[in-house]
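Novice: Sequence:
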Amino acid sequence: MADEITLDLKKPLDKMTAKELRDLVINQIPSITGASGKDKETLLSEIKAAMGITEEEGGASPYKAQILSMKAQMREMRAKKAAEGASRKEKDILRRKINGLKKRTRHMARTA
12 MADEITLDLK KPLDKMTAKE LRDLVINQIP SITGASGKDK ETLLSEIKAA
62 MGITEEEGGA SPYKAQILSM KAQMREMRAK KAAEGASRKE KDILRRKING
112 LKKRTRHMAR TA
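When the letters of the sequence shown are read in order and numbered with this note's numbering, they come out as residues 12 to 123.
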């Protein structure tokens, strides 16, 4: 890998589709052969190897446990909201809390 490969990417490699990765390899990285028959994970690992990017361990979100607990809370709130006997005001409060939790989980997933 004496020659450094530089790519002008519009989005991160992990977010690209398999089709976009194949086009990238075919057009900009001729050292990788057989791109049309490879799946996304194989293409990603070969592109990263060609560019000298090392794989990071623990690719999962550091907020995963918090996100899962919030989603469990949302399920409980939805069950309470659907239950008979809840007043309109209680349902409205639950709806707002669920909405807030959804926003927080999406924000956590995006920042990780």
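Honestly, the hints are just simulated from the structure, not real lab data. This structure is a prediction, so every number in the text was calculated from the model and none was measured. Hints should not be assumed to be uniformly reliable.
Under the rule of at most 20 Å between Cα atoms (straight-line distance), these lysine to aspartate or glutamate pairs were calculated in the EDC-like manner [what the hints assert, rightly or not]:
(1) K51 / D34
(2) K30 / D50
(3) K75 / D34
(4) K113 / E95
Label-pair distances were calculated between CB atoms; the ranges are [as the list claims (entries may be wrong)]:
(5) A60 / A97: 32 to 42 Å
(6) H118 / D25: 46 to 56 Å
(7) E52 / R99: 44 to 54 Å
Glycine is no exception: its CB is placed at the ideal position from the N, C-alpha and C atoms.
Novice: Give a verdict on every hint.
Specialist: Okay, the hints, checked on the actual structure:
1. Proximity of K51 to D34 is assessed by CA-CA distance (about 12 Å); at most 20 Å being required, the pair is judged to hold.
2. Simply put, K30 and D50 have alpha-carbon atoms about 9 Å apart, close enough for the 20 Å limit, and the pair holds.
3. Distance hint between K75 and D34 is unfulfilled; the C-alpha atoms sit about 32 Å from each other, more than 20 Å.
4. Between K113 and E95 the CA atoms are separated by roughly 24 Å; this puts the pair beyond 20 Å, and the hint is violated.
5. Against the hinted window of 32 to 42 Å, the Cβ-Cβ separation of A60 and A97 comes to about 56 Å, which falls outside the hint.
6. For H118 paired with D25, a C-beta distance near 19 Å fails the hint of 46 to 56 Å.
7. The given range of 44 to 54 Å is respected by E52 and R99, whose C-beta atoms sit roughly 49 Å from each other.
Hints 3, 4, 5 and 6, counting from the list given before, are not met by this structure.
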